[in-house]
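Enquirer: First to last, the protein sequences are chains A, B, C and D. In this text, residue positions in the first sequence follow this note's numbering: the first is 1, and each later residue adds one. In this text, residue positions in the second sequence follow this note's numbering: the first is 1, and each later residue adds one. In this text, residue positions in the third sequence follow this note's numbering: the first is 1, and each later residue adds one. In this text, residue positions in the fourth sequence follow this note's numbering: the first is 1, and each later residue adds one.
These are computed hints drawn from the structure, not numbers from a lab.
These stretches of chain C come out as covered by chain B in the derived footprint (C-beta under 8 Å, 3 or more residues):
| no. | stretch |
| --- | --- |
| 1 | 184-192 |
| 2 | 202-208 |
Below, computed lysine to aspartate or glutamate pairings styled on DMTMM-like, alpha-carbon distance capped at 25 Å:
| no. | chain 1 | residue 1 | chain 2 | residue 2 |
| --- | --- | --- | --- | --- |
| 3 | A | 190 | A | 86 |
| 4 | B | 187 | D | 208 |
| 5 | A | 285 | D | 52 |
| 6 | A | 285 | C | 59 |
| 7 | A | 157 | D | 60 |
| 8 | A | 157 | D | 65 |
| 9 | A | 341 | D | 39 |
| 10 | A | 110 | D | 65 |
| 11 | C | 124 | D | 310 |
| 12 | A | 157 | D | 87 |
| 13 | A | 177 | D | 52 |
| 14 | A | 341 | D | 52 |
| 15 | B | 187 | C | 186 |
| 16 | A | 177 | D | 100 |
| 17 | A | 157 | D | 100 |
| 18 | A | 110 | D | 52 |
| 19 | B | 420 | C | 186 |
| 20 | A | 285 | A | 310 |
| 21 | A | 110 | D | 69 |
| 22 | C | 124 | D | 303 |
| 23 | A | 285 | C | 256 |
| 24 | A | 341 | C | 59 |
A short list of chain D residues far from chain A (calculated; beta carbon distances all over 12 Å):
| no. | residue |
| --- | --- |
| 25 | 19 |
| 26 | 31 |
| 27 | 136 |
| 28 | 305 |
Backbone N, C-alpha and C fix where the C-beta goes; we use that ideal spot for every residue, glycine too.
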Amino acid sequence: MLAAALFGSMLTPVSARTLNVVGPWEMTGVEASQSGYVFTRMQVAETLTAADSQGHIVPQLATAWQVSEDGLRWQFQLREGVSFHDGTPLTADIVAAELQRAHQGAGVLKQVPVKAIRAEGSQLVIELERVFAPLPAFLANYSTLILAPSSYTAEGKVSQIIATGPYQIQTMTLPLKLELKRNEHWWGGKVAIDSASYLAVGKGETRALMAQSGEADLVFSLLPVSVAALSRDPRLHTEVVTLPRTRMLKLNAGSALFSDVRVRQALSLALDRQGMARAILRNDKVAANQLFSPAMGAWHDSQLAPIPRDLDKARALLAEAGWQAGADGILQKDGQPFQVKLLTYSNLPELPVLATAIQAQLREVGIAVEVAVGNSSEIVSQHRDGVLQMALFARNFSLVPNPLGTLLQDYGPEGGDWGAMGWSDAQMQSSLQQLQVITDAARQAPLQQQINQTLQQQLPVIPVAWSELAVAASRQLEGVQVDPYELSYHLTSLRWKSEE
Amino acid sequence: MSLSLRIEHLSIRAGLTLLVRDISLTLTAGTPLTLLGESGSGKSLVMHAIMGSLPDGLQAHGQIWLQLPGQPAQELLRLPAAQRQALWGRTLALLPQEPWLALDPTMTVRQQVQEVHQQVRGLSAAQARQQALDNLQNVALHDAVVSQPPVAERYPFQLSGGMCQRVAIAMADAAGGQVLLADEPTKGLDEALRDSVAQQLLREAAGQRLLLTITHDLQLAQQLGGVIGVMRGGELLEVTQAQQLLQQPRHDYSRRLLQADPGRWPVRQPSWTDTGGQLLEGRGLSKYMGGRCLFSGLHLRLQPGQITAITGPSGCGKTTLGNILLGLLPADQGQVIRTSGLTSLQLQKLYQDPPSAFAPHLTLAQGFNDLQRRHGFSDKELAVLLERLGLHPSLLQRLPAAISGGELQRMALARALLLKPRLLLADEATSRLDPVSQQQVMLLLGDLCAEQGLALLLVSHDQALVARMADQVVSLEAHGVTA
Amino acid sequence: MNSTVVTSPTTDIHAALAQAARPQPSRWAQRLGWGLLLVVSGFALLGPWLISADPDRQDLLNALAPFGGHDWLGTDPYGRSMLARLAHGAQLSFLLALLTTLMAVVPGVLLGIVAAWRGGWLEKALVALADMIMALPGLLLVLLVIAFAPGHFIPLCLGLALALWVEFFRISRARSAVILQQPYIEATRMLGFGPGYILRRLLLPALAPTLLTLASFAMSTAIIGISTLSAISVGVRPPTAELGSMIVELLPYYAEAPALVLLPSLLIFLLVLALQLISGGRKS
Amino acid sequence: MLRSSLWGTVLLGRALQAVLVSLLVGSLCFALMHSLPGDPAMRIAAGRYGPDAMSLQAAESVRQELGLEQPLLQQYGRALWQLAQFDLGHSLVTGRPILEELQVQLGHSLWLALASLLLSLLGIPLGIIAGARAGGWLDRGSQALAIGVRALPPFVLGLLLMWLFSIQLGWLPPAGFGSWQHLLLPALTLALGLAALSCRVSRDAMAEVQQSAYFTFARHKGLRGLTLIQRHGLRNAAIPVVAYLGVQAVYLIEGVVVVESIFAYPGIGHAMVHAIIARDVPMVQGTVLTLGLLFVLINLLIDAACRWIDPRQGGTR
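With the sequences and hints as input, model every part of the structure.
Expert: This is the structure:
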């Protein structure tokens, strides 16, 4: 076994024309629900729908869709002439089987009130239990990608990725590397770059060095500190886009510490968002004055002013809520000190750093914070057990290009793992319910604003900073597009600049 | 001009301290020269001065003229280090002390002889190999019966001490060094082995070679003949023909040295009489080691004031028997019965190699202080004892390595006597000492037995010594035992 | 028999040769070592007292201030005084390293000596145990111990010590076995001294130089180990200043402020260097 | 005939060690991973789906799928029984057979270990030269260098090397895998730490050999310079150095963990850390077992090397 392992790992040399993509995400498995986002971003696999840069849902494997009058029956027209990498034609039966599997799996389709999924001729039909307007957006999520039947073993486990995208997998070394070649029979026509690779590089410092050395052509998720240095490099082009993703503090509003909205507001005022954005995130624009980032279209309220740091007001609010400074400078109420444990995780390297800054900032108003850097799952399990006090994390509102799905999960009547805890608002619940039914944008807007305002006033979670995606691309590449919804790296629009 | 080595007014200093004072000597072919003296007399330093291998910090003054046939004489002390080292092996051959430590443990003896031919003399591998086998043959290292592996292909750890010494001689032969310097060549060897090494050295010196031997062993000096120089305290007391020195020593110390040979000791008046008292009894003792029976069914009785010697060739189990009687080792069969009231503390032991019996990092004073704290004797007691043993109190301030072996063995005796022992095991306790020190220690022991009723268990291979000292002799042989 | 009491050149020759044979660690190197140790430990012990700046006090708008300003060694990415953090970090790190090393050395050496002393099945069992532990990845052991009480110092030290003691066990067993065979041990026993005396007066002093050298390396291994653990977020919790975790914290800024990353390493280097110089750098 | 039986004992001893290691690893991993705080189902779900898609729902389905609600003793018995059949099971996170995953990772790790071991051998001649002139400037210099290398965490060292060789010199790719160029930087990072150790050990060994009676005698025999060191210095100095290589192997296996993640190298250490974090017990067991058995194997080779170098070890002991 030793010898086999030794020689099996020697790989074939790579051609000079390969596009090397580097990102931080490791592929933990081959299942769509686990590593599907890498396959869709690298355009190996495709979903029925996609989203444009404004978040509008656009056709991909489905060319058109309509919903019945009662809103319970959806019909998707599949693209014609599509075949998988192994030559098998794409049929509605295959798609139906794939989506049924996705619905039973761990992906987002679980949240959709599906009654039945079936093929009708070249059409795919999805019947719902109740009205669910954002369905097409859910079909853009990576967990609903469509694989060929030959991808599965006899036991029904995915063993290889045979899909419909413009690139097909040549070799795959889990969890780090994909090597791709062009799919010559892609339905979208011929793409310019004939081979590509994806390498997962966990350390941000290493990713920056790979961009600088020319080893990587397209590098995603640069660390804030790296961006400035890389943007000065004449061989590189850097771009930073704000994502529909927010770094926030989750508070247990059901606990004695945070049940008072004045305390939550005081916490918000005690944060130095501008300072953190500038010094830690190196980007003044990401200081979050509301939960929804500018990338979230109508959800975002561009009229809102930045939240300035106001320690006096924060102290006043805390005093109103009955918190008095003790001898050691820590606030006290009924003899209990204001001590709180802040849970965060290090998958996103900036989180422990922000937690440390927040710790120092809250200390200035007399709140003693203990930072625990653990595993992201601890937030979920402590939420379940009701023992969570405070957590810092980044929440992605565009797992499905329509934030509604996420909001329903996070701010429903019971709250959610990555949202409210011990807090609920009747008006907001009704707005969320209505948004599931309404499809007209003009009628959606006021509801969306109402939700935003409620969250802004009640602060079940405190927005800290919006997330950004920093990308470095080689200047030899043309046509780089950065998708704020992170659905695709748009490799198909890339081409090498003419040979020097 | 024929081969010779002339030492003129050689002095050796360590900083301001004069260690060797103004020595002049001449070595000529056919006449072995032996330097006789106790350890610390400076005889080894003389040899290292010739070799050019004095330890750092020691400087040699005077002149050492080496005359090789057909070449102008060269003064060694004035040669640069590199040129002196070029003489090593080719001209100056050194036989090391304790050759079992001086042979490379990872190479067979044939390889070690062969490399001299190959690397030093530049022969081809095949020639070197053949010559190496010849060399080994010449020192009588060959297989009388076919053995596996053959002697030449064995590693040093598979050879006896005498064989190792002969391998070292074969190496000196190989290099063809015309000046052979032998440093305590019989240290740690028993009589039979000593004789064979002496014979080998004489054979070497018979040809066109110079032989300088450093030893404290009178028997060896006698066997080598030639010229003997007696050294003491860094001075060369006299240089005389061997016969003359042995019969009519001029210098007082030389006389003492000769008289210190156990064979010449005055016959001891037995102080012990069988009173029927009993200290310790061994009944039916047997011991096996490595599947070999050392002795079996041995009966032995020790009485107060009695000197019992255990004797026999090396490896026969003398020391093992001593240790069993002291309770340091278990017997495989039989038992050791102590008289009532005899405690372990009253059984003490002197070791063969005095430095190894002292912790190297503690000064003697520290050792005695610890002992005092443990057993609470008075300072006076110690002072009297030291004086009795001829030890100056200032020696206490030193580390064990910084005093001579004879002194250290007396320190060990002092240490043991402070506990008022009733039985003392002297395990080859004087075999590494020069004759004068040996006699000193042995006479002291004899006196103590007489005065204090101390029982002495003497382990020794020296028949002459045993004959002079013992009231009772246990003689072990390779197989079985004769009492 | 009447022997003369002499202090002859005979003994002088022994003294002189003993002097020449003993390898003397060079005097200046030892002095330099003590000097360095004084400076480094002085900085760690007194620094936190003397430096008034609060090591946790952030000033985000004064982040990464250069050398020589108000804070002497500049500020870290949160605008905290590097000097203050280094002093507090050195204090904590050296303490943790010392604690870890003690936790590794004491059982390691004692078990090593016990194994060599008792021999037999006990020695076999201990050697097997040590072999087992060596065959387990140290990181696993550390992670396992830490996971029981994340963020606390004692389990952290314990976990590291669990991986480090084996080396001390092996070395002290091997060396004790050699020493225990020496006749002077038997002689000491016959003179009525107990195991305590032999351990304290004979074994430990003989083992000490080797152990000091090993221990100084173990201290740096412990601090570096803590930094490795911090790199996977299981080390010391923020905002505690600790040299290893400071390296991790400052690493992303290596391009902008390379000196900041190297300063904590420099302190570790100086500490180990000082200890090595003092121990004479002799392993065998 | 004497030798072969000795070899038998050695092999038997190491085989016994291997079995004990397996048993210990199996039990320890199981016991500790289960007694650790934190809900394994939650951890596994987070490992599988990432924080974004991790939810209570996902964790509950993992719990059911893996039978984590079964009694512990039952799970333990099953784990040991499978281990006895060389069945390491499937990874809880990736769902793939452990053996398959290990084969790929082990291959990469072995290349890395081999390359760093080879590079680290460079420390030995340096140590020998330093030891031959103990106390000289080279000795002092290499000592300071060794301490310096050990005062830097491997990830800092790795980054420094990347910056030097990839950015400043442009000689080597900074990270990734697949070609020998990719192997060099991570191997060098590990090798520097190793070389620092082997340099000091070989220096001490050489200094000791030089003071030995046999080395002095070899000089007195007339051997000089390189011949002397080569014939009587190296082999004897090699005995402690080779014995120390076994200890180094541990360092190698340890260092690999950090170095692999900074260089995005798909080795076994990287896999182990991820498995521990994700509570992927079969994977932890698989990786730790592989590392442990690798350690036993390396020590077997070292035993063999020691016996080959030092004839005394064939007879005594």
